[in-house]
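Put chain B on the given structure of chain D with help from the hints.
Number of protein chains: 2
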Amino acid sequence: MSMKIVQNVLLLTPFLLCVSLSSAATPSISEQDLKTAAQLRDEALKTSKGYEIVESLTTEVGPRMAGTAGDAAAVKWGVAKLKELGFDKVWTEPVTFPTWKRGVETAEVISPFPQPLVITALGFSVGTEPEGLTAEIMAFDTLDDLINAPEGIADGKIVFIKHRMHKARDGSGYGPAVAARGRGAVEAAKKGAVGILIRSIGTDSHRMAHTGMMRYEEGTPRIPAAALSAPDADLLENMLKRKQPVKVKVTLDAQDGEQYTSHNVIGEITGSEKPEEYIIIGGHLDSWDLGTGALDDGAGIAITTAAAELIARLPQRPKRSIRVVMFANEEQGLVGARAYAEAHKDELQKIITGAESDFGAGKIWRLDSRVKSEALPVVEQMAKIMEPLGIEYGNNRAGGGPDLIPLRQMGISVFSLRQDGTDYFDYHHTPDDTLDKIEKESLDQNTAAYVVLAYITAQMDGDFGSGLE
Amino acid sequence: MSMKIVQNVLLLTPFLLCVSLSSAATPSISEQDLKTAAQLRDEALKTSKGYEIVESLTTEVGPRMAGTAGDAAAVKWGVAKLKELGFDKVWTEPVTFPTWKRGVETAEVISPFPQPLVITALGFSVGTEPEGLTAEIMAFDTLDDLINAPEGIADGKIVFIKHRMHKARDGSGYGPAVAARGRGAVEAAKKGAVGILIRSIGTDSHRMAHTGMMRYEEGTPRIPAAALSAPDADLLENMLKRKQPVKVKVTLDAQDGEQYTSHNVIGEITGSEKPEEYIIIGGHLDSWDLGTGALDDGAGIAITTAAAELIARLPQRPKRSIRVVMFANEEQGLVGARAYAEAHKDELQKIITGAESDFGAGKIWRLDSRVKSEALPVVEQMAKIMEPLGIEYGNNRAGGGPDLIPLRQMGISVFSLRQDGTDYFDYHHTPDDTLDKIEKESLDQNTAAYVVLAYITAQMDGDFGSGLE
Chain D
1 MSMKIVQNVL LLTPFLLCVS LSSAATPSIS EQDLKTAAQL RDEALKTSKG
51 YEIVESLTTE VGPRMAGTAG DAAAVKWGVA KLKELGFDKV WTEPVTFPTW
101 KRGVETAEVI SPFPQPLVIT ALGFSVGTEP EGLTAEIMAF DTLDDLINAP
151 EGIADGKIVF IKHRMHKARD GSGYGPAVAA RGRGAVEAAK KGAVGILIRS
201 IGTDSHRMAH TGMMRYEEGT PRIPAAALSA PDADLLENML KRKQPVKVKV
251 TLDAQDGEQY TSHNVIGEIT GSEKPEEYII IGGHLDSWDL GTGALDDGAG
301 IAITTAAAEL IARLPQRPKR SIRVVMFANE EQGLVGARAY AEAHKDELQK
351 IITGAESDFG AGKIWRLDSR VKSEALPVVE QMAKIMEPLG IEYGNNRAGG
401 GPDLIPLRQM GISVFSLRQD GTDYFDYHHT PDDTLDKIEK ESLDQNTAAY
451 VVLAYITAQM DGDFGSGLE
Chain B
1 MSMKIVQNVL LLTPFLLCVS LSSAATPSIS EQDLKTAAQL RDEALKTSKG
51 YEIVESLTTE VGPRMAGTAG DAAAVKWGVA KLKELGFDKV WTEPVTFPTW
101 KRGVETAEVI SPFPQPLVIT ALGFSVGTEP EGLTAEIMAF DTLDDLINAP
151 EGIADGKIVF IKHRMHKARD GSGYGPAVAA RGRGAVEAAK KGAVGILIRS
201 IGTDSHRMAH TGMMRYEEGT PRIPAAALSA PDADLLENML KRKQPVKVKV
251 TLDAQDGEQY TSHNVIGEIT GSEKPEEYII IGGHLDSWDL GTGALDDGAG
301 IAITTAAAEL IARLPQRPKR SIRVVMFANE EQGLVGARAY AEAHKDELQK
351 IITGAESDFG AGKIWRLDSR VKSEALPVVE QMAKIMEPLG IEYGNNRAGG
401 GPDLIPLRQM GISVFSLRQD GTDYFDYHHT PDDTLDKIEK ESLDQNTAAY
451 VVLAYITAQM DGDFGSGLE
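Same order as they appear, the protein sequences are chains D and B.
For the first sequence, the working numbering assigns the number 1 to the initial residue and increments by one for each residue that follows.
For the second sequence, the working numbering assigns the number 1 to the initial residue and increments by one for each residue that follows.
Simulated from the structure, these hints should not be mistaken for lab results.
Accuracy of the hints is not assured; some may be wrong.
For identical chains, the list gives no copy identity; a pair is met inside one copy or between any two copies.
Below, in silico cross-link-like pairs of lysine to any residue (SDA-like), each with a Cα-Cα straight-line distance of 20 Å or less [stated by the list, open to error]:
1) 76 - 33
2) 437 - 423
3) 249 - 104
4) 243 - 312
Pulled out of the complex, with its shape left as it was, chain D reads as follows (with noise of 0.2 Å):
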């Protein structure tokens, strides 16, 4: 999951918000397609298909951070992967988007008490000259806190904020803490800082630091941002409360790329009634380079997948078609899922509704939708199928993941199957999301939520009408 680009993807849909996306009928699913979602719920909670497609993703692919090698890698993976499991139809959309290189990231304290920082690249920063930026650190409290300082405060220094994020079931500590990321660069040089270090948005006291995107602005300086570890940010902050100036050493060389195009991977389970009507599950394909992107978003990826799978298994084939979309690039400002919303506004009507996993592989606790009201007797016989894996059904204001959020915004409707995300920020983002924080059992009933999801959308009469309504 990156930062919401809420901001840009309101610009492609004012004109489409006179759509009307809901048609006369009073939904409504059968009883046997309801006892046939209760087989199917059941059914996923015996297989481990979603733990064999992160292992096969993370393992074969690995890191495929948009415009890499492994994002290339990853692409090809999806499409083999999605034709391998007996999909219908399997084809790429092309996205297109500038490329960001890491390279050498290093940090140190150089007086009083010389040693190393473990520090990370924000995406997209500038790198520092070769030999290193050096300067004095000069410590805030929140974003907030350097916003509201004088100007000029930190004219030749580096702005360290402090901000802890706090752990949360539903990740509600991430809004209030991802500011700094995105905009700590911007606001530090408004005040004359030569860079930033943040203390990592993440819920770990781990030694490794969690990368994600900051953005500048035209007619700001663009200075080097980086993220320290929490024990790096611990130390630091124990340095300064010594009240002796504390200097620090960072080199970054960290830069910009070319354009690069990769692809959204997309199978189709086609429908044997309406075909061109179908439901969108899916997760992004690409991941932050540090980790092996298991729970950011393999996981996601496996899940959907599974689900769709589980219904090609079945003697025949659903009502609507169901369609997986691997998004590209959405960690760097969900590229991907702006160019399929663009590619696909013509069909909106089409969407019955979309839900993507997008926060790990913890179990899902809430269920979440975002319907016409005539809708939401069908999610309340969706609601008590899913109970019996622990889910309780929530309100009518899901998000549905953030590669739905350009969907959402031109109208359809959307679900939110709401993963527990306790520990999401542990690993978020750093060498740390790897295969081995998956618990098979949790991803199977993740799986298990999903196809129920997917298959009463797929079968009911009548639709969800507009997510805008």
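Coordinates of chain B only, in the frame set by chain D:
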């Protein structure tokens, strides 16, 4: 804690075994002294002096691998800290040893699934050629499997030892696992290998490799040796399951350095009645280079220094002297410990007993002794005072801690205050050995136990005899 280099130590000892370290007096301790010991125990639980000390060492010095600038800074820190805390005498004793430099260390899978691997060189490994070492992986479940394999089986290959260390409160998984680190390179070279990668000797699943000592042998080629992080060892295993050759490139520029002279740092609370008799408590001042040496062994330094300092705050000095010894270069072969034993071999009868803290910062759960049987009643009384700390008496076969092995083998009695090491090998010898892994409360409990041990042994009438009895 490093591997115990018992063989080397034994060479020093035979001629000393005939020294009698036992006097005729039946050991005893007064009720008043036991009362004071209990007061000291309770006082220890109220201070956070131990935490202050380890915070100071990790913040102001940080990594302090033997022979580095950090080593020199640590010696300076130790002397200053002991003086600041009011020790009566503070001095250093020289310790000379060969050194080793880590340098850059990288690895990657070249084929069939190119991706980076996280490794770290083992201590005293040779480097590779500058362009790296590229070869196919040959995996063995255990070191024994490698030893028992046919001659030449690993010709031109990089051996990979998959053995997983198990987790246990008493650290009992370490012994069976660590041989792969110490002897792996020699055994692999004997089978024709050009390099060796071991699964880290650790119990975590984080993407950090565990360093530690390895040894070469005269007449066997010196091949590069490194440890893989647990997730990277998993990854290699998963790749190998595909039954295709897995080719890896390893680049190490590790190399031997110059001889170096560091120092044992010693602080004494000088006894009021028998100042020439003393008790040793302590830890080792060096660490590996990857972390800040908080658990290994900043904690031991802190616990024992804080315990002695509590005794120094009493209105009068104890009868015997208490020495806090901060041993130099434990990690690379108990070098400081052997130097101390050699320098003090003529005063063994004056060393009443000893105990080293070198197993992290977990709570102490057991007291073991190694004393003459006539002294066991005093040990029993000591155990009673420790009981409220959740400590039970174990047996009379204490080890005393790695740095007391040389003295123990010369005949001094020892105690072991056994810590809960369940998580110790999650962090041991990794970048993750940092201050945040230490809980103040546990550290205080440790200090409380050490102050009881030190005070009672400093006050008792009679002695503990020889640990060899």
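Okay, the hints, checked on the actual structure:
no., hint, result
1, 76 - 33, "neither (35 Å within a copy, 76 Å between copies)"
2, 437 - 423, "both (10 Å within a copy, 18 Å between copies)"
3, 249 - 104, "both (14 Å within a copy, 19 Å between copies)"
4, 243 - 312, "neither (65 Å within a copy, 29 Å between copies)"
The structure shown violates the earlier hints numbered 1 and 4.
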